[in-house]
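S.K.: Now for the letters of each chain:
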Amino acid sequence: MNSSAPTPADDADLARARPVIAAVREGAPLIHCLTATVSMQLVADGLLAAGARPMMTETLDEAPVVTTLADALLVNLGTLSTDGMAGIPATVEVARCDSRPWVLDPTAIGIAPVRTPLAQKLLGARPAVVRGNASEVMALVGAGTGGRGADSTAAPGSAEQAAREVVRRTGGTVAVSGEVDLVQSPHAQVRLERGSVLLPRVTGTGCLLGALTAACTAVTDDSFAAALAATTWVNLAGELAESRATGPGSFRMQLLDALDEIGRCP
Amino acid sequence: MNSSAPTPADDADLARARPVIAAVREGAPLIHCLTATVSMQLVADGLLAAGARPMMTETLDEAPVVTTLADALLVNLGTLSTDGMAGIPATVEVARCDSRPWVLDPTAIGIAPVRTPLAQKLLGARPAVVRGNASEVMALVGAGTGGRGADSTAAPGSAEQAAREVVRRTGGTVAVSGEVDLVQSPHAQVRLERGSVLLPRVTGTGCLLGALTAACTAVTDDSFAAALAATTWVNLAGELAESRATGPGSFRMQLLDALDEIGRCP
Amino acid sequence: MNSSAPTPADDADLARARPVIAAVREGAPLIHCLTATVSMQLVADGLLAAGARPMMTETLDEAPVVTTLADALLVNLGTLSTDGMAGIPATVEVARCDSRPWVLDPTAIGIAPVRTPLAQKLLGARPAVVRGNASEVMALVGAGTGGRGADSTAAPGSAEQAAREVVRRTGGTVAVSGEVDLVQSPHAQVRLERGSVLLPRVTGTGCLLGALTAACTAVTDDSFAAALAATTWVNLAGELAESRATGPGSFRMQLLDALDEIGRCP
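Protein chains in written order, with our numbering: chain C, 785 to 1050; chain X, 785 to 1050; chain G, 785 to 1050.
Hints were generated in silico from the structure; no laboratory data involved.
Keep in mind that the hints are not guaranteed to be accurate.
[As the list claims (entries may be wrong)] Which stretches of chain C does chain X cover? Using the computed rule of at least three CB atoms under 8 Å from a CB of chain X, they are:
| id | region |
| --- | --- |
| 1 | 796-803 |
| 2 | 850-858 |
| 3 | 896-902 |
| 4 | 947-960 |
| 5 | 1033-1047 |
[Said to hold, decoys possible] Which chain X residues stay away from chain C? Per the calculated CB distances, all over 12 Å, these:
| id | residue |
| --- | --- |
| 6 | Ala-833 |
| 7 | Pro-838 |
| 8 | Ser-942 |
| 9 | His-971 |
Positions of the beta carbon are idealized from the N, C-alpha and C atoms, including for glycine.
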């Protein structure tokens, strides 16, 4: 998709996201991530590349305490461990009580018997942003049958009604990722058709988007601006990385370089 | 080893593996991986690069349920966690009952007191393919003393008798990895002397071979063809990656690009 | 910092570290790592790139047994899991009884309620080397308030008194990492101002330094020489990698190539 990408100078999507991106680099927020084991390293490396700082402890014994150091919290339900099952609800409760922004990424909910009701229950703690694919956002409100593993079996457009329902319950923003991304808040909606076909060829790029969304919520009270900036950041980094990559391995490396590069002064 | 590698056009090993490789790319099978934490990301990225799709949940609460979505199952005993100890037997039982193909990778068995008897017991659930190094395959039938960690202390050739014994018990195929790879079924045997000296310099390339073997079993009922195609795929990707790499870090990146490239039309 | 780096031929830091580096490549020691999930793969890949061999099992059921195969042990408290909480004390006890060298990396201690007292208690088992940032080394002796996540909030210089106190208790060496690294033993002290600003932009480079320190303790009885060689190895690899990198993603890849390259005959 990069062939028709505008140059940075006239890229309206980038112009809109730039203040939030700059604020993340300036503030270097500490993001507590309770996230999938399989993509933990990409999430941490991606946050560092973007200028934020990761922290990943997930046990009930330590996560609720150390989250008080964080500027924002990410809860991603992928590869949910026994430690995570115990640690997540208590950690979210601390974030809720402290009015610390948090992001819910309901990875692979649908038929999974623990994470699906857990995700639905966590909506009550009003995440600033919910980030998921179409199948996941639909499963969150009991629609559809879930995807296959981490992959959506529903088109992004079909999740619009579910996204509006989640927004109604949380008062926050929902970002539905797919070929066309939908960012929906109580008051605004944007569709983005950017990014790279190589993004789903690397494990954890969706998880990284969730973590970067949390980093953006740490630097602005506007959850819609945060979700939109994070989605744009990953999409534009994906376009830049694709233009330099020869396959999924080199794309992964270039993506980290590009996250560091997007939105800097030319 | 790449200096003497034949060109793709006249590579007989590739020609033999190509139909299975093409079927993985066409079918994009969903592979449920209960696998070592340390190499989880390379396994997932390698499956994605090859055109398959990974899923990694391992708890007793969720793994047996979500495995019903999968086209094949990988069980790798490396860095076996408490979650994995509980989740693996029940998940294998679901695969067995559904006649879903599954692959056993008995990583680092020998003196390890939980995984060694577990691996031996799991043989009774008749994995389509067992993939391991010489020490591991020997330990599976009570021969030898095991390796040192994930490394074999036995030559691949010395495992031939053990491989035949495993085949006798499972009715499936055994792939013994090493400088010379041995693929053994009830009716056939192939030795392959391909690959790269850099493959054992990157963590998890053996685990990735096990996962890719599972992906191949998802697209053919012939477990021997599946094991041979996966072994060839990784070996040829290793040769191509070595020809482009300047060390183990760049080799790792090039390996993922090469998995995506091997066997495509020129 | 690489612009002013001396060439390998006249690099006195490298000359001092070279015998230990060569001994690791020659001996290929097996290093048992009980370490943070988030950086497990970089730690393993870094050990392999350096010529050592990793092993990562952490459960109470298996870790104390398999550690008897290892040449040295690393205990890193980052992202401490329930399995790690149970497995670490028993595994350290085996290392202590066997006089096997071990390294303690007290990642992110401070306010974390389990790992902080655990780290302090483990000092009694006399690690050959303690490797941490300034905040972590201070928290180990009850000074300071800890860092923020894995980041130090104290300058390396401020940890000198704490480092001396740890040395007094263990009789071993302490390596305090930062812009200026301090390596302190009962009888010697060195400050190093080498490395790259990109090292803290990649997750787990500190953990890798701890693991490489363990590899060095496996090939020399001199814990000070081991800690100094490992610190130098990572710093010089960082300088070389920075000179070839275009961002944090390519730096990570180049770092692994450079670990394999540093100190080889020109």
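S.K.: Are there hints from earlier that the structure breaks, and if so, what are their numbers?
M.R.: 1, 2, 4, 6, 7
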